[in-house]
Every structure is written in structure tokens, then in C-alpha cells.
Amino acid sequence: MTAPATPGVPEPHGAGEGSGPGRPGRDGAGHGETGASGTGRHRPSALELDRRAFRKKQGYRSVAVSMASTLVFATVVVLVLRNTPGWPRVADSFFDLEAARRSFPLVLQGLWLNVRVLAVASVGVLLLALVIATLRTLRGPLFFPLRALAAAYTDLFRGMPLIIVLYLVGFGIPGLRLFPRMDAAFWGTLALVLVYSAYVSEVFRAGIEAVHPSQRLAARGLGLSHGQTMRRVVLPQAMRKVTPALMNDFVAMQKDVGLISVLGAVDAVRAAQIETSRYYDFTPYVVAGLLFVLLALPVIRLTDWYSARLRAREQMGSVV
Amino acid sequence: MADPVLELRDVWCAFGDHEVLRGIDLTVQRHEVVALIGASGSGKSTLLRTANLLEHVDDGQIFLSGQDITDPRVDGDAVRARIGTVFQSYNLFPHLSVLDNVTLAARVVHRRPRAEAEEHGRQLLASIGLAAKADAYPDTLSGGQQQRVAIVRAIATDPELLLLDEITSALDPELVGEVLDLVRSLKASGSTILMATHEMAFARDVADRVVFLDAGRVLEEGPARELLSSPREPRTREFLARVLAP
Ligand SMILES: Nc1ncnc2c1ncn2[C@@H]1O[C@H](COP(=O)(O)OP(=O)(O)OP(=O)(O)O)[C@@H](O)[C@H]1O
Ligand SMILES: [Mg+2]
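If you read the sequences in order, they're chains S and G.
Position in the first sequence (first residue = 1) + 734 = the working numbering.
Position in the second sequence (first residue = 1) + 489 = the working numbering.
It should be emphasised that the hints constitute simulated quantities derived from the structure, not laboratory data.
Hints are not guaranteed to be accurate.
Unchecked claim - Among the chain S residues that face chain G by a calculated CB cut under 8 Å, a handful are:
{"no.": "1", "residue": "Pro947"}
{"no.": "2", "residue": "Gln949"}
{"no.": "3", "residue": "Leu951"}
{"no.": "4", "residue": "Ala952"}
{"no.": "5", "residue": "Arg954"}
{"no.": "6", "residue": "Leu956"}
{"no.": "7", "residue": "Gly957"}
{"no.": "8", "residue": "Ser959"}
{"no.": "9", "residue": "Gln962"}
{"no.": "10", "residue": "Arg966"}
{"no.": "11", "residue": "Gln971"}
{"no.": "12", "residue": "Arg974"}
Keep in mind that this is a model prediction, so the values were computed, not measured.
The C-beta atom is built at its ideal place from N, Cα and C for all residues, glycine as well.
So here's chain G without its partners, still in its complex pose (with noise of 0.2 Å):
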């Protein structure tokens, strides 16, 4: 049963003198979906980009699928062609059409040939109802279009995790289903899937568990039902009530 994809032990990040992660122990085991909720600023991002290594680590370790990846001789660049991430500003490269956008890792990283990947790119396009959209620009597109495009870019290579950091909150509120939606949908297929949210009831919906992170500590955690109904620590439940709150 036990499987994990991702596993951090006792994992430190500090900026100068602020310490934004303070001694993280966190695991995700594969067809896993974990949340990740917390005050703004308790360290949810950089949690997210330390997974990928795009954030230094200061202490501790960090094992996707079993290798450490913060031993100095790993290949950072091998080891986020191994991770899908999206973050909250879909960030699509303006300069090339959907399609180029989804094939590019898949071309350039992984050396697939052109015909290959964008037969594959124009299946996942399809998928999220997106076909007659694959030769625009990333600008003549909704939020939610672009959120969606982004998503299907960081799973077109087939990565072994995604991490999505609060994917969400830049879209409207009449956006929002369109991308949950696809994100259950990935789920269903047996994604393994680290998020950053701010959207509670997504959260219980989708997640098998939850994380609450605390001034860069995990301060609880657990089955996502269960956390979110009946917190055990007092701060978890004034966050909750804060966010919960009408």
C-alpha cells in the first residue's frame, strides 16, 4: 500500500533570517490527492516550488519516488521533467499557440518527435473541449481556457506528480467549476496530485487528505472529511471559521 511519491522529512527554507519552512514532514502516496491550507503567507508556495526544486532547501530531504532529491549531484532539470506544475497565474508563453505551449516539454525536454507530440497534445486539447482552440494564441482565451491549457501542459509528458499552487484564485467566480472540474477529473484517472487551495469545499470534495500548514510547520493533518469538520487544533479551527465565514 505504501508507496509514496513524494516524501519530505523534516524540510527547512529560510529567506535571510525568516524562516518560511521550519522542519516540513509531509508525504503523498501515489493515486493520492493531499490539499495543502494555510494563512496566506504560512509557506504553501514555497512548500510547492521546494518539491520541484525551483526554491533552495536549507535542511532535510525531499524523495520523489523514492530518490533524494536534494542531494547536490541530481539533475534539477531531470527531476522537473519528472513533475508537472501549475501555478496561479496560468503563466502560458504568449508567444506560442496552445498547441506549442502543451508540446513544448514534450519536444524539447523529452525529444519526442513533433508529429508524435502533437498528435498526443491535440488528444488532451480534445479532451478538455479546447480542439478548435489549439493553433490560437494563449490571449484570445478565457481565464479558465488559459487555467485548463496549463494544466493539460504540465500533464502532457505524463509527470509522476502534479503540484498546483492555488490554481483558482486568479479566475472568476464563473471560471472556477470549468477547472475543478478537470482537476477531479484527473483525479479519477489516478493522478498523484499536491495542491495548494483556498477553496474548502474543493478541498473536501476531491482530496483524500488535507494538510494544514502553520508558519511553515505542518500543524495538522488528515483525512480530508475529517480535518475540515472537526479540526483538532485550536488554530485550525479559527482558520477554518475565518474562511468559512459567509
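Bound conformation, chain S alone (with noise of 0.2 Å):
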């Protein structure tokens, strides 16, 4: 819908716009062509298609040599791998197709209790961290004991490692006996949230305070209240740098959801040991293990392509 600026066809106002007569090279008056638009295309010249055909015929060159590359690559690993002293028991433990076809579906049940923590966990961490951030631009003195609450927080959470902080969370809060019974995930869920809030609202405050000073002035300037000028103007441009940053502490978490495990909540990872303990055989880790880098691929894909697209954006020249 919004279709940005169609290149080359000048402005209607065109006050001075550059676009005199008889530009060299580019009048189609007297050509063959019969371009329905008038503004004949340029028509590219025996150079640049000689420039083309060579360039084509790199990209082929470099892609052959890069498989001839990976290939030999994967030969020595195997090579070297299959030689060890040790190649044959491993084997037989870790890379058992039989034990992991066997264990196969209970892993996957128990993905499924990942994907459903780390789906309610994610938009927990995005509240939560949101409410912080916003605490810690408050200015003014009634706001102080907020605003040092919110420092605490994430001094407090990020320092602690996240294991000890499902320990204390996943059998500490319960203990209080305050709260009606919930299962493992529950406070799993809740100690991936504390955790990772800290994180995520200091990259949401470096947004925030990344947006030039001069946005929040003509926004004012505007009469927008201090509220009115966050919702609309600051946030919306904090949220989009963050954009990479936040997708890479959700590549994070997606790994991290595995250890809710350790409360005992049956998991992937936890589905895994139990099949590992049945057969003596580990196989259900690497199972596991797969399983999780597969659902973060897509994620970690899209995470590059994004930052691609954006420093590209970047180096276009934007507005300040």
C-alpha cells in the first residue's frame, strides 16, 4: 500500500527538480522503440552485457568451488572422526538410529511443552521488560523509589545465574505455601520471565535512548504529552532498532526453555533423560538436541536476514 518513491519519475511539483529538457542519451523521440510509457528503458550496451555474461560465469565458478570445498571438508571430519580410538562405542551410544526412532516421539511431546513456555514466556518478557524500561525513563522525584526498584531488578537478575534462579523460584515460591499448587512449568515459565525481562529492558532502554533527542522535541513541539509522544513516536522507532537484538535474546530463551526441566516438568530435555536412563543409551539427547536447533533455525534465519535488511536500510542515509 505504501509503495515508496517509483525511482526516475519525477515529482508532479518538479519546481527545479532537475529534470530539464533534452537530457543526453536518454530522449527516445527518434528510437525504435515503441514503449507504451514514452520514457523508453535504456537499453544496456555491448559492455555492460560482456560485463554481465562474466559476472555470471564468477558466480557459477565460485558455487562449484564452494561445494568442492564443503565436500572435502565433510570427508575429513568423517575420516577423522570414524579413526579415533573410541569412534565405535560412541557410535553405538549417541548415534543409535534404533534408540532414536524409539525415543522419538516422547521428545517431541515434550517439545511441545517447550514451545508452549517459551510462547507464554516470550510475551511475559516483552510486558514485563516494556513496564521496566519505561519505569527507568521516568524523571522526576516522585518516581525515585520506581525508578531504583527497576535498577535493582535488573542488577539483581541479571547477575544471577538462571539455573539458581529456577531452583529458587521453583521449589522457593512454592514453599511459601501463598499460592494455590501449580506444576513445574508454571514456575519454570515465571523464572525464564524474571530473567529474561532484566535482559530484554535494557535493550529496550538503549532503544529508547537511541532515538534522537530532536524526534522527542518536535513531537512536543507538536503539543503530544510525554505519554502520548512514547506511544507514538518514541517507542515505535526503539522497537524497530531493538528488532535484532530482541530476536537474538529470543534465540536465547528458546534454548534456555530445556531448562525447566531440572524442576522436574516433562519436557524434551527431561523426556530425553528418561528414555536415556531406560536403555543406557544417549541417543535421546542428540535426538533432543536436533530437535531444539530446528526450532531455532528458522529463528536465527530470519534474525540475519532481518539485520541484513536493516543495515542496508541504514546505509541508504536515513533521516536523523
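Build the complex from these two chains, which are given one at a time in their own frames, with help from the hints.
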């Protein structure tokens, strides 16, 4: 809908926009082109066609080279592995196809719990982190306690290892008998939200501070209140700036959801553990690990693609 | 005749020990265009920012259409909603389309229905020849186009007063003309404008009155042609000689 400027089409106003008459080499008047648009498209010269052909050939060559080198590299790795003294035993207890097939359904079922925890935790992290980041940007003496609390929170939970938070939340809070009984996945989710919100709120805060002060000034100059300026002008821009960092944190959390298994929740890791101890074979761990990688891969690719696009846009030269 | 839109009485503003405005008296009548000139650092931008309460005032009073806006009980947001401001560096919102930039204040501050605000916004964009860019994003516009959009954004809610702070100094010379033409047409339509400018020819051409600011004081003021061609004060003469030198 929001069509970007079509290059080459002069705007209607056109006051001295540099589209003077008789641009050299571009007047399609007497040429055989019957283009309906009237603005005959430039036809590449023989030189340019040559260059394009050359680049294409180079492209094929580099694909061939990279394929060959990958093949050689993989062969070397396989050969080295197979010739290590312990290989037969490792292959047997880590890469047992039969064990993989047997454990797959349970591990996959466990992964479904991880996915659900991840979904809930992500939403929780976004909300809590946004609240904390906003608290930290509040000015004025009235908000001092809130600001201090938010700062203490980020210090505490960025410093503490996730596994300790899991134990404290998962075994400590239920011990208070203040809340109704909840299952392990619930406390695991809570611990994840607490820890990751501390990181993500710092990401948000950096994003908010990266929005140029002149943007705030312009918004206030239009009569927008502090809150309206935040919501309409600052936060949308901050979000865009920090999206790649957020996606990275999401990938990190994606694998850390496996840690809820320490509380006894039967997720992919726990399921793999059960299968492993049943048959004295570590293959289920490999299965679970690969499944986690498969889960993360789309987001990792998306993050790379989005960061590259953002960089390209910024290099094009954006506004202040 | 006397119907002041903006009136500053003995306005002071300091940053730490640095007194930037030192007792400014200044009046802008309705439909009048006043140009602020003065050396870099003389306090022009600061004066404009105090006029819409984006800068603190240490002493004195500022009246907007008779209301003392330096009264601490006055709502600054409401005051700014009545004033249009344009900055040197356009400051369009990069995440919003051109049309959304123009209609933001109408929708959010003045709570006009979107359809109504957009119709008005498109009319304004058409009047500056940028109707086709309504749905484009600011970074696809030239500097001159961006600054014209910024001006249209400032007038979209029919402000009582327009504050323009060196709106052409970030532009390539060939783009300055289109922006100045827009200011001329605003004057013709009866806008009240207070503008800081380095374009002396433009000030002579468009301003009714010129105010020369020197080290935080109004050193000299008068009808534009008169002041610019025969300044009384030696410092004004010195300044003009410097900026008008080829
Ligand atoms: N927020 C601030 N904190 C401290 N000093 C400031 C601040 N804003 C402005 N000043 C100082 O006030 C003085 C006047 O600045 P101001 O921007 O008003 O000048 P100006 O006349 O607009 O100059 P220019 O023509 O370069 O835009 C300068 O010495 C500047 O350093
Ligand atoms: Mg200035």
C-alpha cells in the first residue's frame, strides 16, 4: 500500500528538480522503441552485456568451488572421527538409529511443552521488560522509588545464573504455601520471564535512548504529551532499532526453556533423560538437541536476514 | 490595531551561569511576520523554545493571545497545541508516512476523526505539490520536500502562531527557494510568524519587522527594510556587514 518512491519518475511539483529538457542519451524520441510508457528504457550497451556475462560465469565458478571445498572438508571430518579409538562405542551409544526412533515420539511430545512455555514466556518478557524500561526512563523525584526498584531488579536478575533462579522460584515460592499448587512448567516459565525481562528491558532502554532527542522535541512541539510522545514517536522507533537484539535474546531463551526440566517438568530434555536412563543409551539427548536446533533455525535465519536488511537501509542514508 | 499574539516581557533564561536570554521584550502582532537575526549563539533558538515552553523561563512573562503562559498552572501541552513549530533539521517522524506525519497532531492531540484529518492533510499536501508523496516515507523525500512537509505538519492544526527556526540552513542552496516560497504563501494567507533566519534577503523581502538579538538582548528592532539598510547600532552594522559580505 505504502508505495516507496518510484525512482526516475519526477514528482508533479517538479520545481527545478533537475529534469531539464534534453537529457543526453535518454531521449527516446526518434528511436525504434514503441514503449507505451513513452519513457524508453535504457538498453544496456555491448560492454555492459559483456560484464554481466562475465559476472554470471564467475558466479557459477564460485558455487562450484564452495561445493567442492565443503565436500572435502566433510570427508576429512568423517574420516578423522571414524578413526578415533573410541568411535565404535560412541557411535553405538550416541548415534543409535533404533534408539532415536524409539525415543522420538516422547521427546517430540516434551518439545511441545517447551514450545508452549516459550510462547507464554516471550509474551511475559515483552510486557514486563517494557514496563521496567519505561519505569527507568521516568524523570522527577516522585518516581525515585520506582526507578530505583527497576534498576535493582535488572542488576539482580542479570547477575544471577538462570539455574539458581529456577531453583529459588521453583522450589522456594511454592514452599511459602501462599499460592495455589502450580505445576513445574508454571514456575519454570516465571523464572524465565524474571531473568529474561532483566536483559530485554536493558535492550529496550538502549533503544529508547537511541531515538534522537530532536524527535521528542518535534513531538512535544506539536503538542503531544509525554505519554503520547513515548507511545506514538519514541517507542515505535526504539522497537525498530532493537528488533535484531530482541530476536537474538529470543533464540537464547529458546534453548534455555530446556532448563525447566530441572524442576521436573517433562519437556524434551526431561523426556530424553527418561529414555536415556531406561536403555542406557544417550541417543535421545542427541535427538532432543537436534530438535531444539531445528526449532531455533527459522528464527536465527530470520534474525540474520532482518539485520542485513536494516543495515542496508541505514547505509542508504536515513533521516536524523 | 494592537492585537498581540505573542508578547515577551523581560524574559530571562540561563543555563547554569550562562545567561542566554537577558531581559527580552518582544511583541508579535496578529498577521505579522517578525524575523529574528543575530550572531550564532545570540539566543535565537532559545528564545523560540521559551515561546512554546520547550525551554524553562527564569524570569519575566510570556503571553500567548493575552494568556500568561509562564503561569505554572498553565498546561504546556495545551499551549504547544496552539503553536506550530518548525526546526532546522525537519525532524519528520521516520516511522510514519508523510500523511501520518501531517495528521498526527490533529488525530492525537485534537482528537479529530482520522478521515477528516486525512482529507485536510491531503489538501495541504496537494497545495505544496506533494499529493503523490502522501503514502511515502520521509526518507524517500529530498531535503526541501521534507522541510515543506514539516511546515505543513506545523500548520495542519491551524495554530495561532508559527515559530520557524532557521528552516533553510540545512538545505542545499537550490532547495531553499521552494521552502521560502511556501513561507511567502503562508504570510499571504495571514499567518502570524516569528522566525529565526540567516537569510537577510528573505528577511527584507517577507518580514514586516526585524529584531536584532545580541548576547541575549534585543539590541535593535524596526521595519525590515529600514533596519537592514540603515541600522542605528554599530553592532548591528557590524553583524550585517559580516553576513552580507560576498
Ligand atoms: N540546553 C542547553 N544547555 C546549555 N547551554 C545551552 C543550551 N541551549 C543553548 N545553550 C547555549 O545558549 C546559547 C544560545 O544558543 P542558541 O541555540 O539559542 O543560539 P542561536 O542564536 O540559535 O545560534 P545559532 O544561530 O547557531 O542557531 C549558546 O551559547 C548555547 O551554547
Ligand atoms: Mg539556533
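Consistency of the hints with the structure:
The beta carbon of Pro947 of chain S comes no nearer than 10 Å to any beta carbon in chain G, farther than 8 Å, and the hint placing it at the interface is violated. Checking Gln949 of chain S against chain G: minimum C-beta separation of about 6 Å stays under 8 Å; hint holds. The interface hint given for Leu951 of chain S is met, as the beta carbon of that residue sits about 6 Å from the closest beta carbon of chain G, less than 8 Å. Evaluation of the Ala952 of chain S hint against chain G yields a held restraint, the C-beta minimum of about 4 Å falling below 8 Å.
Hint status for Arg954 of chain S: holds, given a least beta-carbon distance of 6 Å to chain G, under 8 Å. Because the beta carbon of Leu956 of chain S sits about 4 Å from the nearest beta carbon in chain G, less than 8 Å, this interface hint is met. Taking 8 Å as the C-beta contact cut-off toward chain G, the hint placing Gly957 of chain S at the interface holds, the least distance being around 3 Å. With 8 Å as the threshold, the beta carbon of Ser959 of chain S comes within range of chain G, its nearest partner Cβ sitting at about 5 Å, so the hint holds.
For the restraint placing Gln962 of chain S at the interface with chain G, the shortest Cβ-Cβ distance is roughly 5 Å, inside the 8 Å limit, so the hint holds. Hint status for Arg966 of chain S: holds, given a least beta-carbon distance of 6 Å to chain G, under 8 Å. The interface hint given for Gln971 of chain S is met, as the beta carbon of that residue sits about 5 Å from the closest beta carbon of chain G, less than 8 Å. Checking Arg974 of chain S against chain G by beta carbon gives a least distance of about 6 Å; that is within 8 Å, so the hint holds.
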